[in-house]
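With the hints as extra help, turn the sequences into a complete structure.
In this text, residue positions in the sequence shown follow our numbering: the first is 1, and each later residue adds one.
Hints are computed from structural coordinates only; laboratory data are not their basis.
Take these hints with a grain of salt, some might be off.
Derived DSS-like pairs: lysine-lysine, alpha-carbon spacing no greater than 30 Å straight-line [claimed, not checked]: (1) Lys147 with Lys263; (2) Lys364 with Lys147; (3) Lys437 with Lys516; (4) Lys285 with Lys516; (5) Lys285 with Lys229.
The following label-pair restraints were derived from C-beta to C-beta distances [said to hold, decoys possible]: (6) Asn286 with Asn524: 30 to 40 Å; (7) Tyr123 with Thr472: 46 to 56 Å; (8) Glu41 with Lys171: 27 to 37 Å; (9) Tyr433 with Lys342: 25 to 35 Å; (10) Glu22 with Arg157: 20 to 30 Å; (11) Asp560 with Glu499: 17 to 27 Å; (12) Pro168 with Ala446: 53 to 63 Å.
Every residue, glycine too, gets a C-beta built ideally from N, C-alpha and C.
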Amino acid sequence: MKKFFLIVLLFAFFSNLSAKDEIMQAMRDEMDRSMKNLKIENLKTPYFIEYKLEYSTNINVQAVLGNTTDINNAPIARLTVNVKVGDYQFDNSNYIDFGLNLFGSGDDEEQFMNRRIPIELSYHNLRKHLWLATDAAYKRSAEIFTKKETSLKNKIRRDTTPDFLKTPPYKSIDTNYQVKFDIKKLEEIAKKVSYVFREYHNIDVSRTTVEGIDEFIYYINSEGTEYIKRNTQCGVEVIAAAQSSDGMLVFDFFSAYSRTPDKLHSLDSLINGAKIVAQNVTQLKNASTIDEAYNGPILFTEQASAELIAQIFAPNLVAQRKPLMDGGFFTDDDRFSAFQNKIGGRVLPEFISVWAKPNLPDYKNSQLFGYYKIDDEGIPAQDVLLVENGYLKNLLSSRVPTRRVKQSNGHNRGGSAMFSNIILSANKNQLSYNELKNKLIKLVKARELPYGIIVKKIQNINILYTGLYALTFGNMDIPRGGNKLLITQAYKLYPDGREEPLRGTFVNNISTQSFKDIIFVGKNQYVYNFLASAVANPFMTGGKSYLPASIVTFDLLLEDGEIKSSDDDFKKPPILSKPVVLN
Numbered sequence: 001m002k003k004f005f006l007i008v009l010l011f012a013f014f015s016n017l018s019a020k021d022e023i024m025q026a027m028r029d030e031m032d033r034s035m036k037n038l039k040i041e042n043l044k045t046p047y048f049i050e051y052k053l054e055y056s057t058n059i060n061v062q063a064v065l066g067n068t069t070d071i072n073n074a075p076i077a078r079l080t081v082n083v084k085v086g087d088y089q090f091d092n093s094n095y096i097d098f099g100l101n102l103f104g105s106g107d108d109e110e111q112f113m114n115r116r117i118p119i120e121l122s123y124h125n126l127r128k129h130l131w132l133a134t135d136a137a138y139k140r141s142a143e144i145f146t147k148k149e150t151s152l153k154n155k156i157r158r159d160t161t162p163d164f165l166k167t168p169p170y171k172s173i174d175t176n177y178q179v180k181f182d183i184k185k186l187e188e189i190a191k192k193v194s195y196v197f198r199e200y201h202n203i204d205v206s207r208t209t210v211e212g213i214d215e216f217i218y219y220i221n222s223e224g225t226e227y228i229k230r231n232t233q234c235g236v237e238v239i240a241a242a243q244s245s246d247g248m249l250v251f252d253f254f255s256a257y258s259r260t261p262d263k264l265h266s267l268d269s270l271i272n273g274a275k276i277v278a279q280n281v282t283q284l285k286n287a288s289t290i291d292e293a294y295n296g297p298i299l300f301t302e303q304a305s306a307e308l309i310a311q312i313f314a315p316n317l318v319a320q321r322k323p324l325m326d327g328g329f330f331t332d333d334d335r336f337s338a339f340q341n342k343i344g345g346r347v348l349p350e351f352i353s354v355w356a357k358p359n360l361p362d363y364k365n366s367q368l369f370g371y372y373k374i375d376d377e378g379i380p381a382q383d384v385l386l387v388e389n390g391y392l393k394n395l396l397s398s399r400v401p402t403r404r405v406k407q408s409n410g411h412n413r414g415g416s417a418m419f420s421n422i423i424l425s426a427n428k429n430q431l432s433y434n435e436l437k438n439k440l441i442k443l444v445k446a447r448e449l450p451y452g453i454i455v456k457k458i459q460n461i462n463i464l465y466t467g468l469y470a471l472t473f474g475n476m477d478i479p480r481g482g483n484k485l486l487i488t489q490a491y492k493l494y495p496d497g498r499e500e501p502l503r504g505t506f507v508n509n510i511s512t513q514s515f516k517d518i519i520f521v522g523k524n525q526y527v528y529n530f531l532a533s534a535v536a537n538p539f540m541t542g543g544k545s546y547l548p549a550s551i552v553t554f555d556l557l558l559e560d561g562e563i564k565s566s567d568d569d570f571k572k573p574p575i576l577s578k579p580v581v582l583n
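Encoded structure:
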């Protein structure tokens, strides 16, 4: 009851106009004081400061076999302060010093990124936290600036791209006070959906998670940009796993997300999704494997085609700038840098185009999970033509410019540039599902292969690491590396049209180059809402690990690809079967 009261209190607090005004005024006053007076002798003064205050309530309900196992609904308030020293051309950013804690907090330092602060704040209390966080951020920034300046003093810089873009001030309020989360209703969904697995005694572990997030963000910067926005999201994740007779772990999942609870799938639809997961896992226990790697045509359908785009292609559509460090450039992960110098080059077949449409709330009667109006830097979100008739035209960007992308198009989300709503379209080579299968059979026969492969579901990264891996206590084989995609549902397609389920496989050696091998696509588009892994490393940015996103795509027939099975040994199954849960 106390936690529920806190949520009601928090909602009432944000619905009060004077409380919002007090928060913004405290941020403005401390910003003004810091810009005028913050200085360390013989060091550069701040030229840019931004404050971001986030209030969020995360309602998380977990249930197993019809019983609630965990409920968490505590409200949290976090403050992040960013101080830039130098000027727009050359400042402390885009530089890594491993001698300093990335999150702005040693044991004896004040936290200035994601600083936990009291839920109930007065004007004076908020200014105190802003003061302490700003002081710590400035000291850190001044130190990094000095080290960056020293490391480049005896070098001739070939890349003179500015470190930060100056933008005109923008003011916005984007809130919706009609959204309400009913904890009892979310718990009831979790219990009823998880109850499905009581009937499937051959499934070893399962879990249903229902989550509702309500987040208010207050933002100001020294340029005059201010915004207040509210982000809400709701989701259901169902996961299940079992061990086959040879010890291999088989698993499947189902997920459904929406921006508001009223747009979530119906209870009957969620229960049906759980039943399909249970049936798939049951089938997979006795499915066949492949002894040798398969090399040949592959048909990716619906969810699998969307995850293929989400995990391999879409992250490369984000403009990224490699940070400097003493001794040269720091390379954190080159997986998503394939398109940084590719603008104007062909990246897809000439019959496919790609748009980013963050401003689009719905697509053909389906809500788009990645929709937003202003990004985290206060820049209005822009629709961007990314690929036109196969050729790369632009990248998604923030206020950190690169050699090829000089302006922000409003895509800073969760600490750095990030994709949101990605929509693919085609102007030819579109076939029905049965026609795509016939094309696959024709290619198989031409190459004298015993069968082709249809991939229907690929494991989502968020659910893999935050759900499935934890549920199975790490006792599973996870293909490592960015060019491997874990398959949860695939079928051999024989020349006579027979389909045979496969288990324990993954797509291997997949890259952005592979998308040039798309020869046909489906006629019908598929809307996939999911939580996407952040492109930039959150340990570097201090941002979020997973963000709402949507992919609108169609079935994809690739002329050539590789699918392998695991070569690892597996743990023996338990001697006794699991205890039976009586209904």
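How the hints compare with the structure:
1. Lys147 with Lys263: Roughly 50 Å between the alpha carbons, so the hint for Lys147 and Lys263 is violated.
2. Lys364 with Lys147: violated, 52 Å
3. Lys437 with Lys516: holds, 20 Å
4. Lys285 with Lys516: The hint is violated at about 35 Å.
5. Lys285 with Lys229: Violated. Lys285 to Lys229 sits at ~47 Å, over the 30 Å cutoff.
6. Asn286 with Asn524: 30 to 40 Å: holds, 31 Å
7. Tyr123 with Thr472: 46 to 56 Å: At roughly 49 Å between Cβ atoms, Thr472 and Tyr123 fall inside 46 to 56 Å, so the hint holds.
8. Glu41 with Lys171: 27 to 37 Å: holds, 36 Å
9. Tyr433 with Lys342: 25 to 35 Å: About 32 Å separates the Cβ atoms of Tyr433 and Lys342, which means 25 to 35 Å holds.
10. Glu22 with Arg157: 20 to 30 Å: Cβ of Glu22 to Cβ of Arg157: about 45 Å, so the range 20 to 30 Å is violated.
11. Asp560 with Glu499: 17 to 27 Å: holds, 21 Å
12. Pro168 with Ala446: 53 to 63 Å: With a Cβ separation near 58 Å, Pro168 and Ala446 satisfy 53 to 63 Å, so the hint holds.
The structure is inconsistent with the numbered hints 1, 2, 4, 5, 10, although it conforms to all the rest.
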